[in-house]
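Going down the list, the sequences are from chains D and C. Going letter by letter, the first sequence gives residues 0 to 291 in numbering that gives the first Met the number 0. Going letter by letter, the second sequence gives residues 0 to 331 in numbering that gives the first Met the number 0.
Part of the chain C face toward chain D, derived, beta carbon under 10 Å: (1) Ala55; (2) Gly59; (3) Phe107; (4) Ala117; (5) Val285.
Derived list of chain D stretches under chain C, where covered just means 3 residues or more per stretch with a C-beta under 8 Å from a C-beta of chain C: (6) 77–87; (7) 102–116; (8) 224–232.
These aren't lab readings, by the way, just hints derived from the structure by calculation. Glycine included, each C-beta is placed from N, C-alpha and C at the ideal position.
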Amino acid sequence: MTIVNAVVQGIFLGAFYAVLACGLSIMFGVMRIINLAHGDIAVLGAYVVFVIVESTGMSPFIAFIVALPVMIVLGYVLQLTVLERSLKSGILTPLLATFGLSIVIQNLLLIRFSPDVRSLGGNAGAVTTSSWQITSGLSVSALGVVILVVAVLVFGALQLFLSSTRAGWRMRATAEDADAAELVGIDSRGVYARATALAVAIAALGGLFLAIRSVFDPLSGPTQLIFAFEAVVIGGMGSLWGTLLGGLALGVAQTLGANINPEYSALTGHLLFLVVLVVRFGGGRLSLRTAR
Amino acid sequence: MRVQRWTRTSKAFTGATVALAALLATVPLLFEASVVQRLTNLLILVLLAAMWNALAGYGGLLSVGQQAFIGIGAYGTVFFAGLGVSPYPAMVLATLLAGAVSVPISLFALRLRAAQFAIGMWVIAEVISILVRLDQNLGAGTGISLLQLNQYEPNFRQAYTFWLALGFTVIFLAALFFLLRSPLGVSLQAIRDDEDAARSLGVRVAARKRLLFVLAGFGCGAAGVLIVANTLFIEPGSIFSVQWSAYMIFMVLVGGLGTFEGPILGAILLFAIQTNFTQGGPWYLVGLGATAALFALVLPRGLWGTIEERLGLRLLPVGYRVVEVKGDERTA
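Just chain D, same shape as in the assembly (with noise of 0.2 Å):
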């Protein structure tokens, strides 16, 4: 029993996962490109939505949804800035750039904030607290339950965002091939700072369900980082459902990890991470695919 309530907690530690990793894959599927501060943009949506709840009490639900416009500015900003530069010179500087601003995020959270270690999970009401007890050995959380059921809705929108809408297939033409989207007159700079846009609030939203279900600190970023980057490679990059398999995939192996000895939790989840690069050999596929 023990192993069957492993993998149902694994189900939804991967959720989380898979929302954190979900604006990764959609960066990597659009543009092709990784973004090293991924992580702590999620950790800074974290931390704007714990500055609304501290100063007006509301729930940190309502406080992420004043927050997302925020966010979705400053990944319009971050495209223009940082981004649409690097894109133009070799497949290193994306890396090299994004690695930097995951520094300067990451000391400027610190200097702002201290290195105290923060939670919303007080603040988020029932949610937090409430679980069912499906029998003795396996409890569900309500939490956890939230978070799997908004991971599904967050994929299932953007399954319909590109395949029925005209900026959808605008991002999907993109994704395929920029300058023969461009010749039919798509404006690439606009999607990829849609693109940007949508992964920053798919980001926060990470964030928010990481302030909800554990704790913060200006650091988390890396972690959360490695976490999403791993999802994304198990689950096949440039697939956005692979993404979401991939994330569920590693939180199982990680709860079946932390269910031999709890120090293994993050181990086995590298291991099955290696495991897939090994099998792979690092050919993943380089569209934006999407099941029809």
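Given the coordinates of chain D, assemble chain C onto it according to the supplied hints.
Chain C only, in chain D's frame:
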């Protein structure tokens, strides 16, 4: 037209560099231990920057996980010393261990591209860090001291460590210098300039990259050895910290990616910054990160690469250049 490697300046400067290395050997005799310790830190930075540049600048391999080898070098020293090996031989063994470990890692890691390689290396460093934390004999999460070095009187210990640092730095920089100048080096520079073109001309890209990867494994291992010898204490949180990668990226980007002299310049700059902002607080790291990002975006060839381009200056020549014979030594 003729093809030229050495210029008068580069001959003079290479001579001066050799003389400087010889002169540096006398540092422990002339200065107090705290100065010697700081200069050991400078040599560690030079070594790290040169190795990261060998990977990224010549192999196009951007690693965020070289701290794996730094950690193996440092913990390897403690491990071998714990087995009863005398500390300094233990340091050499630990360097060899880091180099040896880099071979199997390369078999897998070099198949990855760009971000996959970068983060794949990072995860490998995390895995090794977790394994160290799980090992009570290596002090687990709380760290461990290299007690065996206490058998030396502090001034002597600092001097030996400095000489070891100087020795490692000279060996690894010379190895890279001669490697880049050899026929092999020509193919490495071709890979740096255009990997696909190099491959189509018959350059065995994978084998060349492996060579750089293993060299960097040895070199970063040596740096880790020197770190534990210089500080006498290590803990997994700091020795396996991604901050090392941040320092390496800063030094190489500011100095000049893919140039031989640039990373040395970058290391000296970082050393100067660290000396003047001793607190090393968050603002200093904000500055480092922002500067690295800015250089990547605006001045990708770094300070040295830009100087080299503008002035046609070569101090430590690893490449060739074409010179017009008309008149005197004018660059074409």
